[in-house]
Amino acid sequence: MLQITGKGSTQTCDGLTRRDFLQAGTLGAIGLSLADLAAAEAQGKVAPGHDDRSVIMIFNLGAPSQIDTWDPKPDAPIEIRGPFKPIKTNSPAIEISEIFPRMAQHADKLSLVRSCFHTAAAVHDTGHQMMQTGRLFTGGINTPHAGCVLSYLRGRKSDLPAHVILPEPMGRTGGNMPHGQDAGFLGKAHDPFALMADPSQPNFRVPDLLPPAQIGEARLDRRRRLRSIVDDAVKNFEASDSAQLLDSNFQAAFRLMTSTQAREAFDLTKEPQPVRDRYGMTRFGQSCLLARRLIESGVRFVTVNTFITVFDEITWDIHGSKPFTSIEGMRDIVAPMYDQAYSALLEDLAQRGMLGNTLVCNLAEFGRTPRVNPAGGRDHWPQVWTCHFAGGGVQGGRVVGRSDPIGGVPAERPVEPSEVVATIYRSLGLDLETKLPGPQSRPFPLVDFGKHEIKELF
Amino acid sequence: MAELRFLYRLGLLLWVSACCAANNAIADDTLVLLPGEIKLSGPQAYQTILLEESRGGQYVGQATEGLTFESSNPQVVTIDDGVARPTGNGQATITVKAGARSATATVTVSDMDKTFHWSFRNHVESVLAKAGCSSGACHGAQAGKNGFRLSLRGYDPEGDFNTVTRQARGRRIVPSDPGRSLILTKPTGAVPHKGGLRFRVNSLEYRVLADWIAAGTPPPTPDDPRLERLEILPAASVLKPEARQQLVVLAHFNDGHIEDVTRWAKFTSTNESVAQVGELGEVKVMGYGEGAVTAWYLSRVVTATVTSPFPTPVPSEVFARAERRNFIDEFVLAKLASLSIPPSAPASDSEFLRRSFLDTVGVLPTADEARAFLQDPSPDKRDKLIESLLERPEFVDYWAYKWSDLLLVNSEKLRPPAMWAYYTWIRNQVEANTPWDEFARQIITAKGSTLENGATNFFVLHQDAPDVTETTTVAFLGMSVNCARCHNHPLEKWTNNQYYAMANLYARVKLKAAPGDGNTIVFAATEGDLIQPLTGKPQTPTPLDGRPISLDSPEDRRQHLAAWLTSPENPYFSRAVTNRVWANFFGVGLVEMVDDMRLTNPASNEELLGAAARFLVDNKFDLKPLMRAILQSKTYQRSSQPLAENKSDARFYSRYYPRRLMAEVLLDAMSQVTGAPTQFGDYPLGWRALQLPDASVDSYFLKTFGRPERIITCECERTAEPTMVQVLHISNGNSLNDKLQAKGNHLEHLLAAGAPDDKLIEEAYLSAFSRLPTDEEKSRLVAVLAEPGQDKRQVLEDLYWSVLSSREFLFNH
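So the sequences go chain by chain: X and D. Using my numbering, you'd call the opening residue of the first sequence number 1 and step up by one each time. Using my numbering, you'd call the opening residue of the second sequence number 1 and step up by one each time.
Derived by calculation from the structure, the hints in this document are not laboratory data. Hints are not guaranteed to be accurate.
Quick list of in silico lysine to aspartate or glutamate cross-link-like pairs, DMTMM-like style, CA-CA up to 20 Å [claimed, not checked]:
#	chain 1	residue 1	chain 2	residue 2
1	X	Lys-322	D	Asp-464
2	D	Lys-703	X	Glu-347
3	D	Lys-703	X	Asp-198
Derived contacts from chain X toward chain D, CB cut-off under 10 Å, selection only [to be verified]:
#	residue
4	Arg-222
5	Phe-237
6	Asp-241
7	Arg-402
8	Ile-406
These numbers come from a predicted model, not from an experiment. Just so it is clear, CB atoms sit at the ideal spot from N, CA and C, and this is done for glycine as well.
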């Protein structure tokens with residue numbers, strides 16, 4: 001009996017369930033290729049260390065201003081330090097901006113890296129690529145998102161996909177380049193599952209997760225049998241990545257549709273209202289709560305985009321002029337939403353004893369200009385910004401690296417995007433020497449030679 | 001000499017045409033020295049020499065082992081470590097021996113008696129660019145770095161000269177003691193430098209800067225020799241994986257002198273899975289296929305092609321015997337032969353029928369149409385089908401939709417009456433088969449009321465001159481010039497000045513409100529200019545590399561732009577639309593992406609794209625002959641079934657590449673097969689997705705399957721990747737399930753007619769796949785349909801569901 005369940009599955013060969021039968025049928029129907037099988041087998045052969053580890057990556061699309069958030073510069077001139085004051089936190093080493101009062105009570109759980117920088121063009125898209133894949137896309141090679149690498153190496157742990165993006169993948173941010181939120185050269189079969197819905201909506205459900213009422217189990221079964229006959233005939237698709245992908249999508253979709261576990265994981269009404277309120281009834285807040293539920297149900301990696309685009313939406317992208325955001329827009333709308341959800345997530349994970357095994361990393365594509373611009377905002381600044389990490393083996397209450405007195409460049413321990421991604425891999429227990437099958441099957445290391453995790457965090 | 005070369009080329013041509021029959025012969029391997037004619041001007045000149053193995057006129061590898069170099073006159077030229085250096089004016093011959101074989105090159109040395117100075121414009125800027133000083137990550141950033149700001153990769157020599165010599169209280173330069181200049185102490189690490197070590201004290205880079213300072217920092221002058229063109233050697237080579245090949249870049253200046261600038265060129269590879277390139281131009285072949293390596297020097301670029309044939313030998317008869325219908329087949333087969341990729345077998349009638357319907361008119365053939373075509377015994381039935389497709393009313397729907405994507409017809413940005421006027425204008429042009437040059441001209445010179453002349457809405461969507469310039473170049477030249485808005489384009493030859501000169505052609509387009517919903521008058525004023533921010537002055541209006549017109553000419557400048565844009569001599573224009581049409585039929589553009597045409601992104605088959613673009617020009621920009629040539633070609637009529645040897649080909653058209661149907665076509669096809677139309681907003685029932693004038697009509701299906709939003713002109717707005725969300729929607733969503741259940745649909749008619757199971761299956765197959773089921777398929781399906789105790793209607797719905805969710809339906813193949 002062939003079972004493509006990946007490492008960590010609780011299913012065994014005996015005690016065949018109806019769903020297992022359907023899966024085997026589906027495999028035949030979809031003609032899962034030998035290469036896929038080999039990949040699935042390979043998934044079981046990866047070093048088993050930290051298989052219980054997972055990641056919630058919060059990507060702060062738009063890019064927060066380091067000075068107005070996690071790296072205040074109260075001694076700098078007014079045109080640098082901006083309108084906000086620093087506040088003390090429950091960790092003696094950390095002071096943060098007053099716009100995050102709730103986070104001040106959880107600073108002991110997280111550590112800041114105040115010296116991130118990159119040297120690529122200062123457009124959002126390049127930073128998205130580098131921070132999520134560890135590399136800038138060049139020479140036609142699109143490197144995979146860390147969550148897709150994990151999905152490739154370890155496979156799924158339950159009926160749920162290994163990597164989920166909430167609420168949807170990044171959209172336009174002006175550069176018209178890929179954002180690094182897919183599996184790149186690993187192939188679309190390892191792309192994340194994107195929710196494509198707003199979990200804070202009253203009627204929220206995963207679109208089309210369940211068959212319509214008139215299609216009962218018997219018809220579902222018949223449809224699959226018929227489809228397996230119809231789809232059997234055509235050999236034209238074996239060389240088409242796109243057609244093979246459709247195969248694996250049907251396979252994954254059938255699995256998701258028939259899984260009670262999946263249905264429940266996505267059902268936010270199972271949460272008591274006070275818990276939902278603690279996260280905030282915002283798209284980001286409910287995405288964070290959903291991320292926690294998904295991790296509990298066996299999803300290995302959840303990427304939460306705080307925003308989808310920088311245009312005509314109030315985001316971290318505080319240029320101060322339309323269609324972007326003003327500094328007040330950040331203070332009044334973005335910061336409270338973020339402060340509430342992020343603090344709730346850390347508190348909740350800690351209370352449930354999940355924080356030790358769940359890395360929560362907060363990334364952004366760059367920082368913002370130290371000097372406030374004439375529109376009262378701040379522009380793109382990849383020279384320095386702050387990222388922060390909690391859980392997953394990271395010690396809380398630390399500050400790694402330092403920016404100069406105006407928050408303009410790293411003054412100590414500069415940290416590159418590749419080191420951030422290496423930190424994620426190391427928290428997951430992946431060997432940085434692991435080779436992925438790159439373009440034309442060339443071995444492709446997880447991170448470039450000589451790059452390591454940020455050791456000071458662990 | 002010239003005559004000799006001509007004879008050699010002629011021989012080469014004859015050989016190449018003969019080679020298809022007689023597959024290679026090691027016997028005609030020769031050694032060739034590159035460059036064959038070396039010119040060295042002045043004492044600082046040098047030239048790297050390459051010894052190449054040549055087989056049948058192709059460079060097939062660099063010889064590096066056991067070479068001996070000899071100069072016929074060491075008083076003229078000497079050779080040291082493969083580099084020729086001048087010693088005195090005159091002529092000489094260089095001979096390189098490798099074992100028993102040898103090759104020669106002529107050398108002319110001149111200007112040894114003239115005093116030589118490194119020039120700021122050509123040499124100092126090159127050093128600063130290559131060392132990374134003026135890169136975007138360092139001092140070339142918009143804001144500079146640590147108070148030192150250079151123009152990005154040296155596009156502004158006058159400004160940079162000022163910055164280097166005058167700013168920072170002159171500390172960057174110490175004329176009395178060049179070695180203490182910051183511009184030397186910083187990059188060599190003698191004083192702390194955040195950018196690290198850029199070059200060493202004993203390097204040529206150091207010497208150029210030091211000598212230039214010692215010579216009194218001569219400024220850039222209008223008389224400096226200007227770079228005319230770049231040459232790269234070898235421009236094309238055929239290599240195996242693991243092979244290494246040094247590239248040499250020659251700069252030809254307008255005073256006739258040539259410099260070896262390999263050392264200062266910046267190299268990039270367009271396809272690193274085929275070839276990688278090092279900092280100094282050393283290529284390493286990584287895999288099979290074709291790659292291009294680009295060298296950038298002083299805002300010019302040049303490209304070398306590296307071909308790495310697939311390892312399995314293919315008998316030359318395969319290519320010789322393959323059928324040819326027209327020039328497309330000739331060029332495709334020549335490319336396939338060079339890469340050793342065999343073509344797939346011809347497509348069956350039903351494959352061709354379904355494919356040509358979908359690609360030409362965006363609808364499926366009905367079951368009746370399929371039956372009639374399959375039963376038609378006439379040998380020219382494919383040609384007849386092509387002619388009828390080009391004249392069908394659905395042709396107008398489909399291409400009007402395509403061009404509406406390109407021109408962003410959208411009621412989010414336009415009032416509905418204006419949106420309708422814009423769409424109707426496009427539709428009318430398609431219906432009248434307006435040639436593409438006329439189509440483009442009418443848009444970019446449009447004037448009058450947005451309700452009366454729909455084309456004017458182009459200027460309502462793009463209201464400022466830079467915006468309309470960028471959209472014009474993407475839509476009609478397939479080219480993005482956005483980078484040049486702030487600085488010289490890093491990947492193209494377009495400069496910041498050229499950008500503003502082009503944009504100034506649109507500076508006088510004005511809008512004024514007029515009575516009526518969505519009514520605006522577009523007109524050309526007789527004065528007004530766009531200011532180039534770098535100089536504070538307007539640039540003389542000039543279409544990219546076209547001719548300027550006077551700043552005070554009162555004519556509508558757009559006429560001048562249109563004349564340049566649509567000229568048969570403008571290669572960008574004909575190539576761009578040819579590539580768009582090509583990509584429509586083959587799924588993969590000759591240049592990928594279709595909106596990213598640039599020198600540094602060559603076509604997968606340059607000769608073919610060139611020939612197809614000429615074909616379009618010869619047919620006076622009428623797109624239909626091009627479509628006909630494509631549809632008739634044996635290349636288009638190939639099966640999508642891969643062979644073991646062409647499985648990994650996705651660029652060279654050895655087979656038809658299956659691709660998912662585009663969102664609108666897929667939804668319409670589901671409506672047609674089930675006989676249950678989709679209701680779109682307030683549109684009449686039966687109105688198809690491809691007939692929608694604008695992309696903002698709400699539809700979960702279309703959004704999920706990747707309909708573009710029509711916000712920016714870019715094919716990348718449309719996605720064809722299958723996702724799990726799509727699969728869930730097909731399985732559980734209401735789009736397909738509602739159609740299957742709909743009252744009065746085809747399923748209901750079939751049941752009412754009392755068709756037996758095997759007829760039901762045939763009907764489903766013909767309407768969805770344009771073919772009859774095989775006996776095996778029929779018997780297996782009949783077995784399921786005949787199971788006892790089932791509701792007949794539900795079984796039929798499930799059969800149709802399985803057909804409409806299969807890959808054979810969802811894909812064009």
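#### Entry: Restraint satisfaction for Arg-222 (chain X) [CB to CB of chain D, less than 10 Å]
holds, 5 Å
### Restraint outcome when Ile-406 (chain X) is required to lie within 10 Å of chain D by C-beta distance
violated, 12 Å
### Query
Taking the least C-beta to C-beta distance, is Asp-241 (chain X) closer than 10 Å to chain D?
With a minimum Cβ separation of about 8 Å from chain D (threshold 10 Å), the hint on Asp-241 (chain X) holds.
### Query
Does Phe-237 (chain X) meet its interface restraint, that is, does its C-beta lie within less than 10 Å of any C-beta in chain D?
holds, 6 Å
### Query
If you draw a straight line from the CA of Lys-703 (chain D) to the CA of Glu-347 (chain X), is it 20 Å or shorter?
With a Cα-Cα distance of about 37 Å, the restraint between Lys-703 (chain D) and Glu-347 (chain X) is violated, given a limit of 20 Å.
### Task
Mind checking the alpha carbons of Lys-703 (chain D) and Asp-198 (chain X) for me, to see if they're no more than 20 Å apart?
Given that 20 Å is the threshold and the Cα spacing comes to 16 Å, the pair holds.
#### Entry: Satisfaction of hint between Asp-464 (chain D) and Lys-322 (chain X), Cα-Cα up to 20 Å
Between Lys-322 (chain X) and Asp-464 (chain D) the Cα gap is close to 16 Å, so the pair holds against 20 Å.
### Message
A closest beta-carbon separation below 10 Å is what the hint needs, so does Arg-402 (chain X) meet it against chain D?
### Response
Nearest chain D Cβ about 15 Å off; hint violated.
The structure shown violates the earlier hints numbered 2, 7, 8.
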